[in-house]
Each structure stands twice: as C-alpha cells, then as structure tokens.
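Residue numbers (mature numbering (1 follows the signal peptide of the UniProt record, and there is no 0)): -22 to -1, 1 to 299.
Among these hints, one or two may not hold up.
[Claimed, not checked] Distance condition first, Cα-Cα at most 25 Å in a straight line; then the derived SDA-like pairs of lysine to any residue:
no.	residue 1	residue 2
1	Lys270	Gly259
2	Lys160	Asp132
3	Lys56	Asp263
4	Lys233	Arg256
5	Lys233	Lys270
6	Lys276	Leu298
7	Lys296	Met47
Hints in this document: simulated from the structure, not taken from any laboratory.
Source: prediction; values computed, not measured.
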Amino acid sequence: MVSKKFITSLATSAALASVGFATVGQVVPQLGSQVQTTQAATSAINDYINNNNIKPVSIQYRAGTFNKMFGYENGVGKPEGVVIHETATPGATAENEVSYFNWSWPTTYTYVHAFVDDKEIINIHSADYGVWGAGQTANNKYIQVELCRVNTTDQFARSVANQAYYAAFRLVQYGLPFTPGKTVLSHNDVSRMYKETNHTDPVGYFAQWGYSMDQFYDLVGKYYNQLKGSNTNNGGNANTNNGNQASNIGILRVKDGSKEYISLYSLNNDTMSRITNRALGTGTDWQMDQVKVVNGIKYYRVATNEWVPESSVGQIIKPLA
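Make a model of the complete structure from these sequences and hints.
Structure, rendered in structure tokens:
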C-alpha cells in the first residue's frame, strides 16, 4: 500500500482509455521440469484456483504519467525482485487506481509499476526503472505491484492469481531466481528490513480471506515454474505463437516526433490493417514478443494482435533474444 486519499467517483481517464495502451497476450504454459520448486502451503484459495482452472489474465502495458526515470541501484533494467502491495481501498478497481495515481503522484509522491484486480493487470511504468512506493531503499531495488481489494472469494482468487503471475513473469523476464522473502516480498517485509516505512500490507488483507504470504509464495512458485518450464521446453522462448517467429520478451521505444500518436496494425490473412481506435503515445516504451515481415515491411508485436511497423520504432532498447 502507498499512502493516498482515493476519490471513488473518479472516472477513468478518457485519454488513457484511447491512447498509450496495448495488451500483450502472455501465454501461461504447461508446468515444465528442471525448474525451481517451493514448499507447498495448504490453501483453500490456491485449491480454488486450481480446481476451477483459473488462469491469469494478460498484462496490459500503458504509458503512465510518472516521469522520474531513475535506474535501480544496480543499473537500468536490473531490479532485484518484486514488492507485493495492496491498496487498502475497498471497491477501487485497477482502472480506478491507474487513473488516480496518474494525476495525483506529483502531490502524493507515490507511484508503482502495476495495479492488479480480478479482471486486469495494468502496467503503467517501465519495470526497467524504479518507482516511489516503499521507501528510498526499496524503490531503488524492486519492481512494485498493488493488489486491489475485492468483495468475493472468486474475485480474491482471481486477483491473487493475477498478482502472483505478474511477480513470476517479472522474475523470469529479468533472470531472477524465485526466493520467497528476498526476490518476492511484501511491503511488510520491506518495512521490517529497511525501517523506512511502517506499512504492513498485504498481510492484514490476505488474512481477511484466510490467506498468507506463504500461500501466495506457493502460487508465485507455480507460475514461475510454468514460465521457466516453457523456457526449457521451447529452447529458451517464453511464448509459443502457433508457428510464427517467437523469442523472449524485448523492449522497443516508438518514435517521438511531431505526431502525437503512433498507429497500430492488426494481422489478418498475411495482410496488415491499420487499427483506427487504438494507438501508442509517441516516445513510449513497449514490450514485444514477436517480429514478422509482411509485404517487405518488418513489424513488432506489442499486443495479442497489435503490431508496430519498423518505421515507427525509434529505438530497440532490449532486442528479442
């Protein structure tokens, strides 16, 4: 949890809804072998997730407004793990929180990388750079994600599945081991370790659902093992794409020019068509997981079926492996 006052009637920003938004369809692969295991913690919530075949949703990448681009203490693109928060705001969705933080951070001095609820995972700041969410030391070390409060057991199960997947995905992306309490830790852990904040989330909120950090670690371990298993089984590739050229996650920066937006394209029957109701903000960073040449033009995939032409790319920050 980061300190704030939330206005529950606040509408989601129309600008964010229409531009600077893309959804990367991440595959949740099958459990592989030769991957790190964790000790299972008995959990009715985790059993509910497994028994109902609940799958994490895709990560959405949006251009947030936080403009304090600072690297971690080990350098840009070198986080040491993921801090788990919860918002302490009943009824506020991930969309609500994104809208609030995008206009409030200059006065509240708080920002995180992503917000998660039972329906969405919304990433609003490049995980290559730090944010303001857990005190100076932690801000310079960790990616940070907030869990939204929900009302039903089903919603809670889906929300923690999404948060656990986000944490596991970031560990795999940055080549970090899964070490409970070290590379994945609560804001409560951070408060005890560095004594720069006094927050104890998400421990109390988890307890309301009969849940604990140990049980959450078990869930993170499940998704971590699945993603690492996919890497092992597919020659190091974290995504399977039905025969298209696939690679590990890369990062591109679209051009920052006179145009306010960068057009996106969809692929249908080997033809690219411009998408008219969605675009990317100029000069923003996006994750990509495929490259494809259509009619002699190279395109990079930044969403499930949303592609950016090479002519709109200003810089490849992290190439596909």
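Structure-based check of each hint:
1. Lys270 / Gly259: Satisfied, since the Cα-Cα distance of roughly 22 Å is no more than 25 Å.
2. Lys160 / Asp132: 29 Å, violated
3. Lys56 / Asp263: Within the cut-off at roughly 16 Å; holds.
4. Lys233 / Arg256: Between Lys233 and Arg256 the Cα gap is close to 17 Å, so the pair holds against 25 Å.
5. Lys233 / Lys270: 19 Å, holds
6. Lys276 / Leu298: With Cα atoms ~14 Å apart, Lys276 and Leu298 stay inside 25 Å; holds.
7. Lys296 / Met47: 17 Å, holds
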